[in-house]
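K.L.:
The primary structure of each chain is shown beneath.
Number of protein chains: 2
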Amino acid sequence: MKRLLIPIAAVAMVLSGAAHSEAPDPLPSWNDGPTKGAIVGFVEKVTKEGGPDYVPPTDRIATFDNDGTLWVEKPAYTQLIFAIDRVKALAPEHPEWKNKQPFKAAIEGDMKTLAASGKKGIAELVMASHAGMTPAQFQTIVGDWLAATKDPRFQRKYTELVYQPMLELLAYLRDNGFTTYIVSGGGIEFVRNFSEPVYGIPPDQVVGSSIKTKYEVVDGEPTVMRLPEMNFIDDKTGKPIGITQHIGQRPLAAFGNSDGDFEMLQWTTAGEGPRFGMIVHHTDAEREYAYDRDSEVGRLDKALDAAAENGWVVVDMKNDWGQIFPSKE
Amino acid sequence: MKRLLIPIAAVAMVLSGAAHSEAPDPLPSWNDGPTKGAIVGFVEKVTKEGGPDYVPPTDRIATFDNDGTLWVEKPAYTQLIFAIDRVKALAPEHPEWKNKQPFKAAIEGDMKTLAASGKKGIAELVMASHAGMTPAQFQTIVGDWLAATKDPRFQRKYTELVYQPMLELLAYLRDNGFTTYIVSGGGIEFVRNFSEPVYGIPPDQVVGSSIKTKYEVVDGEPTVMRLPEMNFIDDKTGKPIGITQHIGQRPLAAFGNSDGDFEMLQWTTAGEGPRFGMIVHHTDAEREYAYDRDSEVGRLDKALDAAAENGWVVVDMKNDWGQIFPSKE
Chain A
19 MKRLLIPIAA VAMVLSGAAH SEAPDPLPSW NDGPTKGAIV GFVEKVTKEG GPDYVPPTDR
79 IATFDNDGTL WVEKPAYTQL IFAIDRVKAL APEHPEWKNK QPFKAAIEGD MKTLAASGKK
139 GIAELVMASH AGMTPAQFQT IVGDWLAATK DPRFQRKYTE LVYQPMLELL AYLRDNGFTT
199 YIVSGGGIEF VRNFSEPVYG IPPDQVVGSS IKTKYEVVDG EPTVMRLPEM NFIDDKTGKP
259 IGITQHIGQR PLAAFGNSDG DFEMLQWTTA GEGPRFGMIV HHTDAEREYA YDRDSEVGRL
319 DKALDAAAEN GWVVVDMKND WGQIFPSKE
Chain B
19 MKRLLIPIAA VAMVLSGAAH SEAPDPLPSW NDGPTKGAIV GFVEKVTKEG GPDYVPPTDR
79 IATFDNDGTL WVEKPAYTQL IFAIDRVKAL APEHPEWKNK QPFKAAIEGD MKTLAASGKK
139 GIAELVMASH AGMTPAQFQT IVGDWLAATK DPRFQRKYTE LVYQPMLELL AYLRDNGFTT
199 YIVSGGGIEF VRNFSEPVYG IPPDQVVGSS IKTKYEVVDG EPTVMRLPEM NFIDDKTGKP
259 IGITQHIGQR PLAAFGNSDG DFEMLQWTTA GEGPRFGMIV HHTDAEREYA YDRDSEVGRL
319 DKALDAAAEN GWVVVDMKND WGQIFPSKE
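Residue numbers (the numbering used here), protein chains in the order written: chain A, 19 to 347; chain B, 19 to 347.
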């Protein structure tokens with residue numbers, strides 16, 4: 019009987035919260051140090067009932083950028099790779115694309131010309147490849163593509179190229195009463211395809227860019243149809259606007275990695291009381307990528323300067339993360 | 019000891035779910051009959067694990083119109099009464115309104131001229147009274163007004179003129195794993211002011227009409243500013259579009275009361291598998307109001323015909339509801 023006493027006491031301590039430090043580490047892929055300490059310190063502070071910085075669960079809103087913050091965005095945004103593949107698949111139905119940019123470049127895999135076509139060119143590709151179907155049909159197309167396509171460098175599906183430390187962080191925040199949202203410059207319906215199985219974030223907690231839709235009865239079937247027309251761009255100043263529209267509350271904590279997240283972090287951390295801003299700095303060329311001020315994709319320049327001024331926590335991917343991607347199954 | 023046995027057994031039965039029919043009625047304000055039976059029958063069907071119509075909790079999406087479905091919309095929409103009061107309060111700063119319609123009519127309480135100004139006139143009132151402040155400032159203005167204003171006929175605050183049977187229905191659905199959303203033609207930020215305390219629906223589960231907002235740094239303060247420009251009208255065909263945008267899923271069940279809800283109900287109940295559509299028919303002039311096909315506010319004409327064709331449940335307020343409003347505290 020004597021040997022049982024210690025385990026029972028330990029269980030009781032864990033159950034009562036008395037042995038907090040004995041509980042399993044909720045962030046095992048984060049190396050010990052000031053970054054991990056800042057995260058845990060913030061969460062403990064705002065969840066401590068009766069404490070001076072206590073925030074009720076209804077106000078524990080945490081917003082996460084997706085590209086470069088939760089999953090890989092190099093060498094190109096995954097959604098752009100999808101759009102190009104989709105244009106290639108649709109090309110036989112559109113012989114006119116053979117001699118029309120940016121479609122010609124997409125079909126030929128000419129990324130240089132594609133990049134030169136700029137935002138307007140990319141938008142044209144997205145409109146041509148993302149519209150003309152219902153959201154449900156679009157989900158099927160995206161799901162099939164994500165299931166069948168691998169990143170050439172890592173030879174893994176894009177949904178496996180998510181950051182293990184960030185998956186742990188999402189779960190840790192939710193376990194502490196936070197509601198976690200994605201606030202992405204990418205397409206809201208694209209991200210919704212995998213947000214729940216991959217991140218544990220349901221469709222209605224995804225905010226993103228969108229094209230317009232139209233409601234009509236087609237052959238007796240009530241239908242929401244995706245139109246080739248931009249509705250909302252959820253990037254830069256669009257992020258606080260998208261958050262206001264969808265969530266209706268200023269976040270308590272915001273997580274990004276590029277200048278596209280600057281305004282979200284700025285607005286979040288300017289709120290009253292304790293707030294938390296974090297930037298994932300890509301510093302690990304060996305295990306992932308290293309880029310910041312000069313990168314075309316995911317440029318981190320203005321927001322990196324602002325981080326120091328505003329006390330945003332900057333994650334040094336190389337040194338703060340013990341593991342980048344989830345272990346292979 | 020013997021007397022304790024029965025209560026313990028009863029508790030055990032309730033806990034195990036074995037004594038389901040012995041549990042307290044979750045819809046006590048609904049009179050027994052086919053309407054209540056249809057609601058309970060649907061919920062039991064889609065929540066019965068292993069049953070042929072089982073729907074997992076992630077797909078148990080229930081959308082509710084607000085005006086006339088969850089609270090009173092007569093003699094005028096509450097938000098319009100708010101806009102008029104707000105225009106009156108702002109009138110001293112706008113001497114030009116004295117001779118300018120629809121402001122003149124609003125200031126003078128001339129509802130006939132106001133109605134004649136149509137949607138354009140109403141929109142002008144809303145722009146003038148709802149913009150030029152942050153969402154947080156707008157919340158304060160709305161909250162103060164709702165706390166201070168009473169409906170002349172019932173002598174109760176508008177947030178008390180909600181339908182007790184619908185409050186019970188919202189709670190009953192949530193207790194059965196549904197997520198409940200408001201999908202209102204009214205302003206999203208207006209409804210968000212009271213949705214959580216009154217309906218138990220948090221801000222991010224409110225879909226509604228909206229004006230545009232702008233993000234800017236004002237005097238060093240990062241600010242979301244409400245603009246006098248329409249962004250989205252969440253009515254009629256706008257409801258399926260708003261649901262697609264915010265929720266990202268077709269509802270399993272939809273609840274409305276007017277032709278403004280027709281497309282939401284049509285789209286919802288056209289989905290595969292079991293679906294549920296319900297219309298609140300205002301038939302009780304004594305306890306509330308009686309109106310349908312000829313009413314300017316909350317007209318129920320097309321949707322009433324469609325209810326019969328589509329098997330939507332029509333609530334006969336007078337006969338189906340034992341109580342209309344929550345009891346006074």
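One thing to keep in mind: the hints can contain errors.
Identical copies look the same in the list; a pair holds intra-copy or inter-copy alike.
[To be verified] Calculated pairs, DSSO-like style, for lysine-lysine (alpha carbon to alpha carbon, straight line, at most 27 Å):
#1 137 / 66
#2 137 / 230
#3 118 / 230
#4 232 / 320
#5 66 / 106
#6 130 / 63
#7 346 / 230
#8 168 / 106
#9 63 / 138
#10 346 / 137
#11 320 / 116
#12 320 / 106
#13 320 / 130
#14 320 / 118
#15 232 / 137
#16 230 / 254
#17 138 / 230
#18 138 / 232
Hints listed in this document are in silico derivations from the structure and should not be mistaken for laboratory results.
K.L.:
Between residue 320 and residue 118, at a C-alpha cutoff of 27 Å, which is it: within one copy, between copies, both, or neither?
P.N.:
neither (36 Å within a copy, 47 Å between copies)
K.L.:
Measure nothing new, just compare the shortest in-copy and cross-copy C-alpha distances for residue 320 and residue 106 to 27 Å and report within, between, both or neither.
P.N.:
For residue 320 and residue 106, the Cα distance exceeds 27 Å both inside one copy (36 Å) and across copies (45 Å).
K.L.:
For residue 118 vs residue 230, is the C-alpha pair at or below 27 Å within one copy, between two copies, both, or neither?
P.N.:
Answer is within: at 25 Å inside a copy they meet the 27 Å cutoff, but 36 Å across does not.
K.L.:
How do residue 230 and residue 254 come out at 27 Å by Cα distance, when the copy is not named: within, between, both, or neither?
P.N.:
both (20 Å within a copy, 16 Å between copies)
K.L.:
I want to check one pair: residue 138 and residue 230. Are their C-alpha atoms no more than 27 Å apart within a copy, between two copies, both, or neither?
P.N.:
both (17 Å within a copy, 24 Å between copies)
K.L.:
Within, between, both or neither: how does the pair residue 346, residue 230 come out at a Cα-Cα threshold of 27 Å?
P.N.:
neither (38 Å within a copy, 45 Å between copies)
K.L.:
Is it within a copy, between copies, both, or neither that the alpha carbon of residue 320 lies no farther than 27 Å from that of residue 116?
P.N.:
neither (39 Å within a copy, 49 Å between copies)
K.L.:
Check residue 137 against residue 230 for me: Cα-Cα at most 27 Å, and say if that holds within a copy, between copies, both or neither.
P.N.:
Intra 18 Å, inter 23 Å, cutoff 27 Å: intra and inter.
K.L.:
Indicate which option fits the pair residue 168, residue 106 if close means a Cα-Cα distance not exceeding 27 Å: within, between, both or neither.
P.N.:
within (17 Å within a copy, 62 Å between copies)
K.L.:
Evaluate residue 137 and residue 66 at a C-alpha cut-off of 27 Å and name the case that applies: within, between, both or neither.
P.N.:
Neither. Shortest intra-copy (46 Å) and inter-copy (50 Å) distances fail the 27 Å Cα cut-off.
K.L.:
Classify it for me, residue 66 with residue 106: is the Cα-Cα distance of at most 27 Å met within a copy, between copies, both or neither?
P.N.:
Cα proximity of residue 66 and residue 106: none, with 54 Å in one copy and 45 Å across.
K.L.:
When no copy is named, should residue 138 and residue 232 be tagged within, between, both, or neither for a Cα gap of at most 27 Å?
P.N.:
both (23 Å within a copy, 23 Å between copies)
Comparing the model with each numbered hint stated earlier shows that hints 1, 5, 6, 7, 9, 10, 11, 12, 14 do not hold.
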